[in-house]
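Chains as they are written, first to last, in numbering that gives the first Met the number 0: chain A, 0 to 96; chain B, 0 to 471.
Hints in this document: simulated from the structure, not taken from any laboratory.
Cβ coordinates follow ideal geometry from the N, Cα and C atoms, glycine included.
Careful: at least some of the hints might be erroneous.
[What the hints assert, rightly or not] Capping the alpha-carbon separation at 20 Å, the derived lysine to any residue pairs in SDA-like fashion look like this:
no.: 1; chain 1: A; residue 1: K12; chain 2: B; residue 2: E343
no.: 2; chain 1: B; residue 1: K328; chain 2: A; residue 2: L79
no.: 3; chain 1: B; residue 1: K81; chain 2: A; residue 2: E76
no.: 4; chain 1: B; residue 1: K378; chain 2: A; residue 2: E51
no.: 5; chain 1: A; residue 1: K86; chain 2: B; residue 2: N332
no.: 6; chain 1: B; residue 1: K378; chain 2: A; residue 2: L46
no.: 7; chain 1: A; residue 1: K68; chain 2: B; residue 2: D235
no.: 8; chain 1: B; residue 1: K275; chain 2: B; residue 2: K81
no.: 9; chain 1: B; residue 1: K381; chain 2: A; residue 2: L60
no.: 10; chain 1: B; residue 1: K317; chain 2: A; residue 2: A78
no.: 11; chain 1: B; residue 1: K328; chain 2: A; residue 2: N81
no.: 12; chain 1: B; residue 1: K378; chain 2: A; residue 2: V8
no.: 13; chain 1: A; residue 1: K61; chain 2: B; residue 2: K81
no.: 14; chain 1: A; residue 1: K34; chain 2: A; residue 2: V8
no.: 15; chain 1: A; residue 1: K86; chain 2: B; residue 2: M321
[Stated by the list, open to error] Covered stretches of chain B, as calculated for chain A (at least 3 residues, CB under 8 Å):
no.: 16; stretch: 189 to 195
no.: 17; stretch: 334 to 340
no.: 18; stretch: 358 to 372
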Amino acid sequence: MPKAKIDKVLLLKVAENARLNLSEKEVQKFLPQLKDVLDFFSKLDKLDVSREQPSFQPIPLKNVFREDKAEKCLSVEEALGNTSHKKDSYFKGPRVV
Amino acid sequence: MPTLSAQKFVSQVQSGSISVSEHTHKIVEEIEKKNPEFNHFNFFDKSFVLAQAEALEKEIKKGRKGKLLGVPVSVKDCVCVKGIPATSSSKILSGYRPVFDATVIRKAKEEGAIILGKTVQDEFGFGTFSTNVGNGKIPLNPLDKQRSCGGSSGGAAGFAALTNFTHLAIAESTGGSIAAPASFCGVSSITPTYGLVSRYGLLDYANSLDKIGSIGKTIHDSALLLDAISGKDAKDSTSLDAQGLKISKPEKIKIGVPKELVDSIRNEKIKKIVAKKISGAEAKGFSVQEISLPLNTGYGVAVYYLIAMSEASTNLAKYCGMRYGLEKKLEGNFNEYFSSVRSEGFGEEAKRRILIGTFARMSGFRDAYYLKAMKARTKLIKEFKTVFSKVDLLAFPAMPIVAPKFSEIEKLTPLENYSMDLCTVPANLCGMPHATINAGPVDSMPAGLMVMGNHLEDSKVASFASFLEALK
Numbered sequence: 000m001p002k003a004k005i006d007k008v009l010l011l012k013v014a015e016n017a018r019l020n021l022s023e024k025e026v027q028k029f030l031p032q033l034k035d036v037l038d039f040f041s042k043l044d045k046l047d048v049s050r051e052q053p054s055f056q057p058i059p060l061k062n063v064f065r066e067d068k069a070e071k072c073l074s075v076e077e078a079l080g081n082t083s084h085k086k087d088s089y090f091k092g093p094r095v096v
Numbered sequence: 000m001p002t003l004s005a006q007k008f009v010s011q012v013q014s015g016s017i018s019v020s021e022h023t024h025k026i027v028e029e030i031e032k033k034n035p036e037f038n039h040f041n042f043f044d045k046s047f048v049l050a051q052a053e054a055l056e057k058e059i060k061k062g063r064k065g066k067l068l069g070v071p072v073s074v075k076d077c078v079c080v081k082g083i084p085a086t087s088s089s090k091i092l093s094g095y096r097p098v099f100d101a102t103v104i105r106k107a108k109e110e111g112a113i114i115l116g117k118t119v120q121d122e123f124g125f126g127t128f129s130t131n132v133g134n135g136k137i138p139l140n141p142l143d144k145q146r147s148c149g150g151s152s153g154g155a156a157g158f159a160a161l162t163n164f165t166h167l168a169i170a171e172s173t174g175g176s177i178a179a180p181a182s183f184c185g186v187s188s189i190t191p192t193y194g195l196v197s198r199y200g201l202l203d204y205a206n207s208l209d210k211i212g213s214i215g216k217t218i219h220d221s222a223l224l225l226d227a228i229s230g231k232d233a234k235d236s237t238s239l240d241a242q243g244l245k246i247s248k249p250e251k252i253k254i255g256v257p258k259e260l261v262d263s264i265r266n267e268k269i270k271k272i273v274a275k276k277i278s279g280a281e282a283k284g285f286s287v288q289e290i291s292l293p294l295n296t297g298y299g300v301a302v303y304y305l306i307a308m309s310e311a312s313t314n315l316a317k318y319c320g321m322r323y324g325l326e327k328k329l330e331g332n333f334n335e336y337f338s339s340v341r342s343e344g345f346g347e348e349a350k351r352r353i354l355i356g357t358f359a360r361m362s363g364f365r366d367a368y369y370l371k372a373m374k375a376r377t378k379l380i381k382e383f384k385t386v387f388s389k390v391d392l393l394a395f396p397a398m399p400i401v402a403p404k405f406s407e408i409e410k411l412t413p414l415e416n417y418s419m420d421l422c423t424v425p426a427n428l429c430g431m432p433h434a435t436i437n438a439g440p441v442d443s444m445p446a447g448l449m450v451m452g453n454h455l456e457d458s459k460v461a462s463f464a465s466f467l468e469a470l471k
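Hey, can you work out the whole structure from these sequences and the hints?
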């Protein structure tokens, strides 16, 4: 495993990537826990996997197709039914810039 | 009076000797009375349930049939049921009501099931004790209210143990979330081969690990439900075109007991009571031998959590306060808005797993962590395949402990928490079917026994587990 320095700067960078705002209390709590868990993962260093292919599924799958047939899909009302942020049949989101 | 098995219940409903409406009223009364005390359901609406029973009763009079005719089925909160809340016990999904049924729900309804409501779980399945619950209402073990139901399908197993009426529970497992609560509550469970049951309509935790399964009072009950909901589904490309589940009298097969895994359990009483049950099978002519699984025992938990957290962090990226679930006033730019909603909506364990998973997938770390774990999984699957060329099934304790007290859980660090999944993780990581039964009491609480088999040997697993369950 790469020996990354797990410090507050790195934790806040990870949190930013994950779109999470961490309070100072959360930083103090998560930082040692993150170190512990990553240390635990480093036990995999002892396992030689150089000849293995990754198993992205437990059971290998190949060429999974389905019929290319049009089916009934959600109505606009159904799709918008779970939010109050909508306008003129569209979802309304926060400003982009 | 012992609870009527689901199979007998269905046949009596069919013959007219049980009224679906009367039975449903009784179980509804029980939930109304006991749920405020035990917190097994986080959504329950009496009128929603009784309306189904009334409609079904009319159809039965016209000749309606079904494998689950009139059986009340509870649904883990991460499985979508049209029109009623689905939150995965997370605040981030508060208010979300799916506009469609998950495939398992569609199938259960087609077989005549009555959907009871949604059962409490750890948020998105993140936990072994059902203590990570968004609204703070933690399900209590009906055998001892000071203790956990287990997790993450805690409400499902808790209610299966509590109720005196015929009932089946749709549960879900990523790393042991069916086996752990079933063991802690003394009920039976089946977690199928990955892909045997469609995941369409399941709120994902980790796509390559999630499996919908069943919990009931017995293996026969659990098998009835699993058989009804399994099968290939065009809406889930990972679902398998395989046979359903049938329990039969098991042949005199070879049973393996994994040495390293059993040795790593410290509770001697659990080991003893599980070994006694396995000896009972040996006395009946089954061959039992010790086998070795050093890689799965030594690396399983680390590989599992690396994959699970990486996949969880991507799955949870879609929850951002738009389209459904928790929302706030649209303020700030999109990054500020998304971060604000996510920081408020996710609980502590969810944040922890998102952070670790995001780190493991970051540029410069992805190959060393995530890809290595995926390759390690190949190696662990190969180890199982080698073992299953020598024995037919494995049998071992399902959990290294009995249901802990909440006061004990509070003292565990996250890493100690994750290590509790030692016995359940290998089967889940490798997508292999497993069933759990109550092996007997240890310090007045049930100890679980797990039977595990090779891919698609679900019927063999369930048949042997059912045989063990019947052994006195």
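Outcome of the hint check:
1. Proximity of A:K12 to B:E343 is assessed by CA-CA distance (about 19 Å); at most 20 Å being required, the pair is judged to hold.
2. A hinted pair counts as satisfied when its Cα atoms are at most 20 Å apart, and B:K328 with A:L79 qualifies at roughly 17 Å.
3. The hinted pair formed by B:K81 and A:E76 meets the criterion: a straight-line CA distance of about 15 Å does not exceed 20 Å.
4. Restraint check for B:K378 and A:E51: the C-alpha separation of about 7 Å stays at or below 20 Å, so the hint holds.
5. Under the criterion of a C-alpha separation no larger than 20 Å, the hint pairing A:K86 with B:N332 is consistent with the structure, at around 18 Å.
6. Note on B:K378 and A:L46: the hinted pairing holds, with a Cα-Cα distance of about 9 Å set against a maximum of 20 Å.
7. Taking the CA atoms of A:K68 and B:D235, the gap is near 16 Å; set against the 20 Å cutoff, the hint holds.
8. Restraint check: the Cα-Cα separation between B:K275 and B:K81 comes to about 46 Å, which exceeds 20 Å; the hinted pair is violated.
9. The straight-line distance between the Cα atoms of B:K381 and A:L60 is roughly 17 Å, inside the 20 Å bound, and the hint therefore holds.
10. Restraint check for B:K317 and A:A78: the C-alpha separation of about 16 Å stays at or below 20 Å, so the hint holds.
11. For the hint linking B:K328 to A:N81, the alpha-carbon distance of about 15 Å falls within 20 Å, and the restraint holds.
12. For the hint linking B:K378 to A:V8, the alpha-carbon distance of about 35 Å lies beyond 20 Å, and the restraint is violated.
13. The straight-line distance between the Cα atoms of A:K61 and B:K81 is roughly 32 Å, outside the 20 Å bound, and the hint therefore fails.
14. With a C-alpha separation of about 13 Å, the suggested pair A:K34 and A:V8 falls inside the 20 Å cut-off, and the hint holds.
15. For the hint linking A:K86 to B:M321, the alpha-carbon distance of about 13 Å falls within 20 Å, and the restraint holds.
16. Counting residues of the stretch 189 to 195 of chain B whose CB falls under 8 Å from any CB of chain A gives 3; the rule of at least 3 is met.
17. For the stretch 334 to 340 of chain B, the stated coverage by chain A holds: 6 residues have a C-beta nearer than 8 Å to a C-beta of that chain, and at least 3 were required.
18. Coverage of the stretch 358 to 372 of chain B by chain A holds [criterion: at least 3 residues with CB-CB distance below 8 Å; count 10].
Hint violations for this structure: numbers 8, 12, 13, all remaining hints satisfied.
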